[in-house]
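**Q** Chains U and L supply the protein sequences, listed in that same order.
Mapping of the first sequence onto the numbering used here: position 81 corresponds to residue 81, and the numbering continues sequentially without gaps.
Take the position in the second sequence, starting the count at 1, then add 1000; the result is the number in the numbering used here.
Since the hints were made in silico from the structure, they are not lab data.
A few of these clues could be false.
Selected chain L positions facing chain U (in silico; Cβ < 7 Å) [said to hold, decoys possible]: (1) Leu1053; (2) Gln1055; (3) Ala1081; (4) Glu1098; (5) Gln1232; (6) Arg1236.
A few chain L residues that face chain U, going by a derived Cβ cut-off under 8 Å, partial list only [to be verified]: (7) Lys1015; (8) Glu1021; (9) Lys1049; (10) Pro1056; (11) Phe1057; (12) Ala1082; (13) Leu1090; (14) Phe1094; (15) Ser1097; (16) Lys1225; (17) Gln1228; (18) Val1229; (19) Met1230; (20) Ile1233.
Listed below are the simulated DSS-like cross-link pairs for lysine-lysine, each with C-alpha atoms no more than 30 Å apart in a straight line [said to hold, decoys possible]: (21) L:Lys1045 to U:Lys193; (22) U:Lys162 to L:Lys1225; (23) L:Lys1047 to U:Lys23; (24) U:Lys4 to U:Lys23; (25) L:Lys1235 to U:Lys164; (26) L:Lys1202 to U:Lys162; (27) U:Lys193 to L:Lys1049; (28) L:Lys1146 to L:Lys1196; (29) L:Lys1167 to L:Lys1208; (30) L:Lys1235 to U:Lys133; (31) U:Lys164 to U:Lys193; (32) L:Lys1225 to L:Lys1146; (33) L:Lys1208 to L:Lys1175.
Just so you know, even glycine gets a beta-carbon here, dropped at the ideal spot from N, CA and C.
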Amino acid sequence: MLKKGLLGQVIQHLCCLPGVGPKTAQRMAFQLLQRNRDNAKALAEILLKALAEIGHCQQCRTLTEQTLCEICADPARELALLCVVESPADVWTVEQATVFKGRYFVLHGHLSPLDGIGPDELGLDALEQILAKGEVKELILATNSTLEGNATAYFIGELAVKHKVQASRLASGVPMGGELEFIDRVTLLHAFKGRRNIE
Amino acid sequence: MICDAVYEQAGFILKQRQYRETSLIIDVFTQDFGRVTLLAKGVRKAKSKSAALLQPFTALAVSYVGCGELKILTHVDVLHAALELNGLALYCGFYISELILCLLHQYDPHPDVFNDYNCCLSTLASATALEIEWALRLFEINLIEKIGYGLQLEYDFMTGLPIDAAKNYAFNIEKGPYEDALGYLSGVTLQVLHAKTLYDAKVLSEAKLLMRRVIDVYLQGRPLKSRQVMNQIIKRTHNV
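The whole structure should be built from the sequences, with the hints applied where relevant.
**A** Listed below in structure tokens is the structure:
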């Protein structure tokens, strides 16, 4: 039920944000309207502008206001490496955490047979076109380490074989700073299966 | 209303979906209580210990409490190591999960179907393409039988004569096979399906056609999403 008055509506709509309940929304609304009116105006304007202008990068499909995102447009990036991730948020995470110097491809989801999400819904044609060009030499499959994420990685791995591109999957196992005693059994099992020789 | 408190119940996760910020709603197929829907609170947090366990095709021991339709998951542990399903076997795993979701009612216990599901998954994990197909057909026949729609595969229902391996048959889903020179089922296929032994590629393709029609009838027009997705996947990976 929509609350009465403009203030009520602002509070109601702020609740659409993740992690924001009615109480926090109320605080936010009063902060913006009482003490911070300039910032509120700037926020409203930038949100409208972002909504109008931000779309998907033509090449990697991450969020950007340009036709090509900064990463795809950067000539210093290696063409031979392509990292496949599930969401634009994952691109940010990988960018911040690693020294990966290749390019990305965003799936916007994962294969989910029980929800009817297959290759067609994920728009894997675009990925196949990139692979068919022959520039990419290694495909890094950085989908989530869930069953659906693995299924997606496996399927894209098969596409890579079809296009004669080497594919690799992110390792899974013991996290940094993780003490064996506190690690769950499934993760530990993966860690043992994926153990490496010491070089 | 009856409140449940169930401890260490063997079960498999059939389907999971995200709920709010950190929780999951999971459909679990339990051994003694059938299909139940559970709310797993706070499992999608960074430090969650059960996120890695709550995956489909892993034999779990789940404990839950609750009064309404949606119970609360209180504890989960792995019963035995997860099965390694890959490629075709994995997609088939999703398919049998969807059959259970569509054909079994919630809170309707089917320990025998649970055992079949468990066996079928183990077969999928270590089988060739033909063996996988046979495992699926067996699972389908047994499932249909155990939910009360067992197929009559022994006699020609019009004449009452046993099935003749040399003849062709058509199939009435409620009554059984009847002789028809242009029918899509050979007598051999019916005999094999009845005895649940020995098979070859021809038997498998006929059995697939039969079971697909039977299942479609009992789904009452609902499409199987995993089947559609599997078709897309096969089309993409095999057409070069």
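**Q** Decide, hint by hint, whether the structure agrees.
**A** Results of checking the hints against the structure:
1. Leu1053: Cβ of Leu1053 of chain L sits 6 Å from chain U, so the hint holds.
2. Gln1055: holds, 5 Å
3. Ala1081: holds, 6 Å
4. Glu1098: It holds, given that the least Cβ distance between Glu1098 of chain L and chain U is near 6 Å, below 7 Å.
5. Gln1232: Holds: closest Cβ of chain U sits about 4 Å from Gln1232 of chain L, inside 7 Å.
6. Arg1236: Holds. Min distance 5 Å.
7. Lys1015: With a closest approach of 5 Å, the Lys1015 of chain L hint holds.
8. Glu1021: holds, 6 Å
9. Lys1049: This hint holds: Lys1049 of chain L lies near chain U, its Cβ roughly 5 Å from the closest one there, short of 8 Å.
10. Pro1056: holds, 5 Å
11. Phe1057: Result: holds, 7 Å to nearest chain U Cβ.
12. Ala1082: holds, 6 Å
13. Leu1090: holds, 6 Å
14. Phe1094: OK, holds: Phe1094 of chain L within 8 Å of chain U, min 4 Å.
15. Ser1097: Given a least distance of 7 Å, the restraint on Ser1097 of chain L holds.
16. Lys1225: For Lys1225 of chain L, the interface hint holds, since the closest Cβ of chain U sits about 4 Å away, which is under 8 Å.
17. Gln1228: holds, 6 Å
18. Val1229: holds, 4 Å
19. Met1230: Since chain U brings a Cβ to about 7 Å from Met1230 of chain L, closer than 8 Å, the hint holds.
20. Ile1233: holds, 6 Å
21. L:Lys1045 to U:Lys193: holds, 25 Å
22. U:Lys162 to L:Lys1225: holds, 25 Å
23. L:Lys1047 to U:Lys23: holds, 26 Å
24. U:Lys4 to U:Lys23: Given pair Lys4 of chain U, Lys23 of chain U holds - Cα atoms ~17 Å apart, limit 30 Å.
25. L:Lys1235 to U:Lys164: holds, 18 Å
26. L:Lys1202 to U:Lys162: holds, 29 Å
27. U:Lys193 to L:Lys1049: With Cα atoms ~20 Å apart, Lys193 of chain U and Lys1049 of chain L stay inside 30 Å; holds.
28. L:Lys1146 to L:Lys1196: holds, 15 Å
29. L:Lys1167 to L:Lys1208: holds, 19 Å
30. L:Lys1235 to U:Lys133: Within the cut-off at roughly 21 Å; holds.
31. U:Lys164 to U:Lys193: Since the Cα atoms of Lys164 of chain U and Lys193 of chain U sit roughly 26 Å apart, the hinted pair holds (cutoff 30 Å).
32. L:Lys1225 to L:Lys1146: Between Lys1225 of chain L and Lys1146 of chain L the Cα gap is close to 23 Å, so the pair holds against 30 Å.
33. L:Lys1208 to L:Lys1175: Holds: Lys1208 of chain L and Lys1175 of chain L sit about 19 Å apart, inside 30 Å.
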